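Let chain A serve as the given structure and place chain B on it in line with the hints.
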Amino acid sequence: MEAVGTQMWWILGLPLAGFLVQAVFGGLVVRTMGAKRGRTLMGWLAFFAVFVPFVLAVLVTRTLSSQPDEARLVMTTLFDWIRLQSLVVPFELRADTLSMTMTLVVTGVGSLIHMYAIKYMGDEKDFPRFFTYLNLFIAFMLLLVLGNNLAMLFIGWEGVGLCSYLLIGFWYKDVANAKAANKAFITNRIGDWGLTLGLFLLAVLVAGAMQDVIAHGERWLSYDVLLPQMAVVVDRHPTLAFFAALFLFIGAMGKSAQFPLYVWLPDAMAGPTPVSALIHAATMVTAGVFLLNRMSPLFELLPGVQVIVVVIGTVTALLGALIAFGQTDIKKVLAYSTVSQLGYMFIACGVGAYWAGIFHVVTHAFFKALLFLGAGAVIYTMAHEQDMRNYGNLRKYIPKTFGTMFVAWAAIAGIPFLFAGAYSKEAILGAAVNFHGEEGSLIAQIAPYAGWIGFGVAMLTAAYMTRMMMLTFAAGEERWRLAHEGAHVEQHHAHAHMHTHDDPHGFFYTDDEMASQHEEHEHHHALSAEHEPKEVPWEMWLPLVVLAIGATLVSGLFLGAPAEIASVFGLAPHALQHWLYPAAGETPHAIGFGMLLSIGTAAAIFGIAYGYFTYHGKKLGENEGMDEGKWSGFRRAAKNQFGLDAVFSDGLVRLGGVVGAVASWFDKWVVDGLVNLTGIVTRGFAGTGKWVQTGYVRSYALLMEIGVAGVLIYAVYLWMNRGVE
Amino acid sequence: MDNVLSWLVFMPLVFAVALMFLPEAQAKAVKVFGLIGSLATFGVSLYALSLFQSGTYHFQLVESVPWVPDLGITYKLGMDGISVWLVVLTTFLMVICSWFSFYIDKRVKSYFVYMLVLETAMLGVFLSLDLVLFYTFFEASLVPMALLIYKWGGDNRKYAATKFFIYTFAASIFMLIGIVWLSNLALQATGSRTFDLLVIQSAVADGSLWAGAMQAQPVIFWLFTIALMVKCPMFPFHTWLPDAHTEAPTAGSVILAGVLLKMGTYGFLRFVLPLFPDVLPDQIPVLMVLAVVGIVYGAIVAAMQPDLKRLVAYSSVAHMGFVVIGVFSLTHNGLMGGSYQQLSHGISTGALFLLVGLLYERIHTRMFKDMGGLKAKMPVFAAIFLIIMLSSVGLPGLNGFIGEFLALFGAFEVAATGQFGLGWWLPLLAGAGVVLAAVYLLWMFQKVFYGPVTNPVLERIKDLKAWEVAMCSTLVLFAVWGGLYPATFLTPMEKSIAAARQMAINEPGKRPSWTDPTLEIGENGDLVRVQEDREPLDMGRFTVASTVSPANHHAVVPTEVSP
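Those sequence lines, one after another, are chains A and B. Residue numbering for the first sequence is 1 to 725, as defined by my numbering. Residue numbering for the second sequence is 1001 to 1563, as defined by my numbering.
These are calculated hints, taken from the structure and not from any lab test. Keep in mind it's a predicted model, so treat the numbers as computed, not measured.
Here are the simulated DSSO-like cross-link-like pairs (lysine-lysine), alpha carbons at most 30 Å apart as the crow flies:
no.: 1; chain 1: B; residue 1: K1369; chain 2: A; residue 2: K125
no.: 2; chain 1: A; residue 1: K173; chain 2: B; residue 2: K1369
no.: 3; chain 1: B; residue 1: K1369; chain 2: B; residue 2: K1158
Have a look at the derived ranges for each label pair, beta carbon to beta carbon:
no.: 4; chain 1: A; residue 1: K668; chain 2: B; residue 2: I1177; range: 30 to 38 Å
no.: 5; chain 1: A; residue 1: E439; chain 2: B; residue 2: G1418; range: 33 to 41 Å
no.: 6; chain 1: A; residue 1: M33; chain 2: B; residue 2: G1043; range: 37 to 45 Å
no.: 7; chain 1: B; residue 1: Q1053; chain 2: A; residue 2: L442; range: 54 to 62 Å
no.: 8; chain 1: B; residue 1: H1364; chain 2: A; residue 2: V24; range: 31 to 39 Å
no.: 9; chain 1: A; residue 1: K668; chain 2: B; residue 2: H1364; range: 18 to 26 Å
no.: 10; chain 1: A; residue 1: M1; chain 2: B; residue 2: G1418; range: 41 to 49 Å
no.: 11; chain 1: A; residue 1: E532; chain 2: B; residue 2: D1370; range: 42 to 50 Å
no.: 12; chain 1: B; residue 1: G1191; chain 2: A; residue 2: V659; range: 52 to 60 Å
no.: 13; chain 1: A; residue 1: W452; chain 2: B; residue 2: G1418; range: 39 to 47 Å
Don't be surprised by glycine CBs; every beta carbon is placed ideally from N, CA and C.
Just chain A, with the same shape it has in the complex (with noise of 0.2 Å):
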């Protein structure tokens, strides 16, 4: 146990000096070995400070779990971050269960996603500055789930929003990349008004709780002394607590993108696909997941805030299914999808299963980083394009990548026993339909309907996904081969003349609107009838296949398979929940397992059907493609998000300009209005129109020098004979 506190410093330490390494000899090398051995050689230099915390990692995780369960806990400090008389915040780590399993995730999924970009990102020109962003975003996100207390937290929760906010302006020279990332910024920032105000709140009452306890010097920031008090708080303090609760998961919910602070996570696509990966999709994303279990001591004891969370959840996870099908850009329909599982996770949280939300966490991060690496290896076999509608036939080209995007469709649509999705997805939504809790409270009422319509989202996942994959990979035309004038080129290439001809990545889907503002101009299209999709290289074919592994039995039976299951392969039933949360007991299920399986598998079924059916041997129709008919209304209105972002976002935006506008009008009118109006006025009864030309100032400045001279001359004598005086 003596060596976790030393190891825990080697995880945090060795990205952020992989980050510096980067920052301050990356453009050097590659200027000095040439552009294709510096890249190569930059490119693992920061996969190591990834995958070296994961062996680490392992090691520790290894030792907590030789543990009894009441032992495995870790904390070590580097020093105090801030020392007051009234407030000590160290700067500490904490390995537990619950942040060595999210370190195993993100530096496990981390590394294999920097191998991937090594070959992905091999023709940028600013190579080193993305894997600087990286190696710093690993280094935060990891303070983000080990640290101690919730100022670390805190640091690593903006950390994580910054290296988002440079990751989705990578390519900056686009305006709307950089529109992009202001919109994740400030929607986070929101999100984070939330997070402070409910952790300043938390302190207060928990140090007006510990008043007779707390004694000078003492850290009370930090979980190991905060979290034990939250009954007393919530007993004492019922709605301010209730409120610091409520705050909290504001915060979860910009980094989490839940309704309605989800807008920004689609935008975010502007980023490099590596990056959406990694940090929108598997592990950023899920830092609101993480501060509910972290702080579900707090939450667990407010059935009030329990219902927000379970309402918010469902909201997300329905709509992020319904816009989804919507969507043409490859890229979007796993934003969307995305937005929809993490709506998954909420729904956990909120019905008190905080292990199944980390449970789909870790399949979630498997499954999804596997299908958004693939589409990225898709997007760049395809010279960079993005719309599904000029894809087609594609497993004939890259068997690889098909095979292991077909594991993934078939972990995320909820096909039973060998993948994992189905297994998380059934924890969650047998324990909120077998909710349990006070009888005729608020949350058992709504819980199990939360549970039911997770059951139909699990139906429209597996039928969007299905539409996903057929209009990439199955048979039929090769749409890209066929002429396209004035049909699917519209959103994706009309931009491409913004960019220099040195950029490679000219061709990434930005957004409608820099779309729709030059959709006059010509096309540029490096896709050609011509084009040969070719497989993808090693380093990037390897990631996918490990996690294509993981995203199997691996993940989903050995940590979380329930106990029919888990009997027959004599493992411990839901592994996952006993390691998080050793004092929880099974919870009797009203609605067996059996049951459970038969309809989540019918849903999976029934939506892939209609996927299938719908999309299977069809042609492409003239204009809006293949999904066009009875369902086009609703298409369409999905593709816009039923206009929320409009109402959100744009909305918003333009509120802000009409306030600041006046607030400006007010200020040079009114405000300096009234202090030049002085002026004149003063100006007129001294009847001295002139004296501002006439060097007032400076007249009147030269006898306040006079004078100041004089007296500090005169401290001068003085001080020279202070002796006699």
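This is chain B only, laid out in the frame that chain A set:
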């Protein structure tokens, strides 16, 4: 150096006088000499810092000479935890400014003379312990600053300089009246006429000064406060600031934001809290409301500015609001946060003005419409700008966060305990100011650095030179240092801040006094009586004899009555 503080204050003046004898034509020599002058002063301030003891709240390195004995005016200097970092910040920023001022190409000699005179005045403000001496320096700092704007400023410099001078000068007159009035009260209370801050404060501490003049206290409070509010500046007295900032030469803007604004908040800490404790609970709500309005309003107006420098100027209004909120929360967290925010605002906003100046020297415009896409052209500049901007945004890990965090914490404690009749809207709105800061600063960054290059002038622009990178790196260093290890800066100020707080919130007789060496602030913040065997040169080491007044750092939140 026995009289280290006098050396410190007058070192720049000595250099200024010497500079007058250099030939005007030797511009380079003048600049180097000016830089040496500010470096020498910086060196002296570091020496003073090395002598400074963090363990006591009392003034240190005190020098006292009768100045006008008949009127009770003394030449009295001293340094405590409230002033120590402001002094170092001043000398440090002056080095940066002199360094940057190598860009100045007209009337170089008088420029550097004014700069050095200004430095003497600013240091005098932070180190004076006599009210008349303080006022002298306070007003003296206006003159060189106004002249810097007037002579080396932008197109609208005359209007801005006049407005700056008259506005702040007129406001200061109120303080002068207050000073004289206060001295009269001290005469009644102690029997002798004095302007010595320490003597007056000790009369406040034991209750004798206000005993017969309680109804005068709010009036004198406002006489002081108005002058300081204009200086900060607080809404609605802020409109001189954008004009002065925008028109001032770069070094002037840096000094204005970095140091001159701090004179206002320094005055709150130095005079308002210790001298007017009885009226604070009644008057604080007004100041808090204005500070929160300033935070939100400053941020909104900042977002609408088409001019880079004006935007940064309005951001100062918002940022200084956090200082005021922290100080007047009268909680230890808030006071420490407000004081720390003074320093971090000096570094980050000073640095922002410096960076804007570096850009201006290249493209000779401050308008956003002429910018865009600079990141590709000036990657190093963009990286430095990004770090400083994030410090201004209040990103944790950089210095801006610590001050805002602690000041907000103080606001929360006020709201939670329901003190001063202030409710939850206070921290909620102040917190919203943090979000708004991200909005306008990110927009600023986007407009300057992202997107395609549209202005042909920018095609030929060159990145920072090595010396410019070195100059900016020192500021970045402090931004990172202040964010990662703020204890360096927080610890030395803590005792004096704690004393100021107890001066403001305690009953007469239980207030710390600046003249009573047997009183001290203990390690846990309590006001204690110490055994009288302290070494005068080792004030920080003492043995506690008894507790006079406990710190009560942690406010008790009223428990809700469950229905």
